[in-house]
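Student: Sequence:
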Amino acid sequence: MKPREENVYWIAVAHLPRWKNERINRLVVRVIQDLQLSWCEFFSMSEDQWDEILDFTPAEKDNLKSAVKDMPRLTFIVEKLINEGFQLIPVSNPGYPQILKENLQLKYVPPLLYLRGKSEILNEEAIAIVGSRNTGANALIFTREMARKAAKTGKVVVSGFARGVDQEALLSALEAGGKSIVVLPQGILTFHSGFKKFYQPIVKGDLLVLSTFFPKSPWDVGLAMARNAYIYGLAKEIYVAESDFKGRTWQGVVDGLKRKRLIFVRVPEPGEKNANMQLIAMGAKPVDAKGLPQNSKVRASAADSPEKSEIRESLSVYSEKGGDTVKDILQLLKTGTFTASQIKSKLALDWDVKKLSNFLKKHVNVQTLSGRPLRFTLKTAIMKDLFDKESYYS
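Numbering-wise, the numbering used here puts 41 at position 41 of the sequence shown, and it's gapless, one number per residue.
Treat each hint with caution, since some may be false.
[Claimed, not checked] Here are the computed distance ranges between Cβ atoms for each label pair: (1) 68 - 222: 24 to 32 Å; (2) 22 - 371: 18 to 26 Å; (3) 192 - 262: 31 to 39 Å; (4) 36 - 68: 52 to 60 Å; (5) 98 - 56: 25 to 33 Å; (6) 85 - 342: 55 to 63 Å; (7) 124 - 70: 29 to 37 Å; (8) 197 - 141: 18 to 26 Å; (9) 334 - 65: 48 to 56 Å; (10) 334 - 47: 28 to 36 Å; (11) 369 - 200: 50 to 58 Å.
Worth flagging that the hints you see were computed from the coordinates, not collected in a lab. Just so it is clear, CB atoms sit at the ideal spot from N, CA and C, and this is done for glycine as well.
Please model the complete structure; the sequences and the hints are all you need to start from.
Tutor: What follows is the structure, encoded as structure tokens:
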């Protein structure tokens, strides 16, 4: 199949309505990896043949049939993308960034990337610099310092394109002779003014613009929140200039800490009003205005803060229980689905059932199944080759 024709199918699959990334990725693994089929071959099959591939719901089958009818429109979009110099990299492509698969795994990794710029930047070591839109002067100074330091050490700076910390990180990295990746909260065909403004660094190979959304999607607050996972996912280290007590930066850091990501948070100056110390209390690593590690007294001070949150407790409450117990739980969940009471009984745990249930609901590798009582199981093992090669419980 010709690459352009295959791209049409990839767009159709990547944006199936009401399909989450995990469901799409399972379809990708089954069709592309396991059966070694092209999308053209898959969409040429009958519904009965589809049933042999995956357990589709009636609604999902309707989505797939609608995708076939939408091919003419998608063909025009692909032609526009290719003619204007955009690249499409599906999750099955060897050029897809491995770090994104490792950090987001099967459940969250985007099935298709839209790019403009030098795609090789995706394979270079990167840091993310994040922060609030309406941020203070100290946070912007920190952002400039970290972006310039990254440029000097050859690290790519990943950011969004919001005002404040995002744009400061981008501009400072480019001004210092470094490279940057911008992750858009919109479709890549709607970023007209941005492409005009940053034409030179894109052509020079210093800036890569990336989107995971339908090419013609306009900016949307929901997309802005969703793309934060991709900013964090592309980076080895995450630096937080300033966070409020809610919003995209706060939520991104909390999620990152749950996933054991390496997150550094600037220690605020006296009088600053932000949530930085609370994030440090929750497990982020404190750094000074130069990005240098701070001593344990800072963490102790943060831990003693009266604003300790319930989320912090959920992150730390079981740290004293021991890694062996957690591994035993995950090994058990690998074998089937269980209620919290059943897990407690089978493993003879001294954990309270309610707190055990809360722990399971918040664990990144545990799937919560609806019903009364709730049941839990291990998220399906990550697909080999396309995704992380290690099991969830190793």
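Student: Is 28 to 36 Å a correct range for the gap between the Cβ atoms of residue 334 and residue 47?
Tutor: holds, 33 Å
Student: Looking only at beta-carbon atoms, does the pair residue 334, residue 65 fall within the given range of 48 to 56 Å?
Tutor: Given about 36 Å between the Cβ atoms, the range is violated.
Student: Range first: 18 to 26 Å. Now tell me if the beta carbons of residue 22 and residue 371 are that far apart.
Tutor: Because 20 Å falls inside the window, the suggested range holds.
Student: Could one say that the CB atoms of residue 85 and residue 342 fall in the range 55 to 63 Å?
Tutor: Holds - the Cβ-Cβ distance for residue 85 and residue 342, about 56 Å, lies within 55 to 63 Å.
Student: Kindly confirm whether 18 to 26 Å is satisfied by the beta carbon distance between residue 197 and residue 141.
Tutor: holds, 24 Å
Student: Please check whether residue 124 and residue 70 have a Cβ separation lying inside 29 to 37 Å.
Tutor: holds, 36 Å
Student: Taking the beta carbons of residue 98 and residue 56, is their distance inside 25 to 33 Å?
Tutor: Between residue 98 and residue 56, where Cβ atoms are some 30 Å apart, the hint holds.
Student: Go ahead and decide if the range 50 to 58 Å is satisfied by the Cβ distance of residue 369 to residue 200.
Tutor: Holds: the Cβ-Cβ distance is about 52 Å, inside 50 to 58 Å.
Student: Do the Cβ positions of residue 192 and residue 262 conform to the proposed distance bound of 31 to 39 Å?
Tutor: Because 36 Å falls inside the window, the suggested range holds.
Student: For the range 52 to 60 Å, tell me whether the beta carbons of residue 36 and residue 68 fit it or not.
Tutor: Given range 52 to 60 Å: violated, Cβ gap about 21 Å.
Student: The hint says 24 to 32 Å between residue 68 and residue 222; measuring C-beta to C-beta, is that right?
Tutor: holds, 27 Å
Checked against the numbered hints given earlier, the structure breaks hints 4, 9 and satisfies all the rest.
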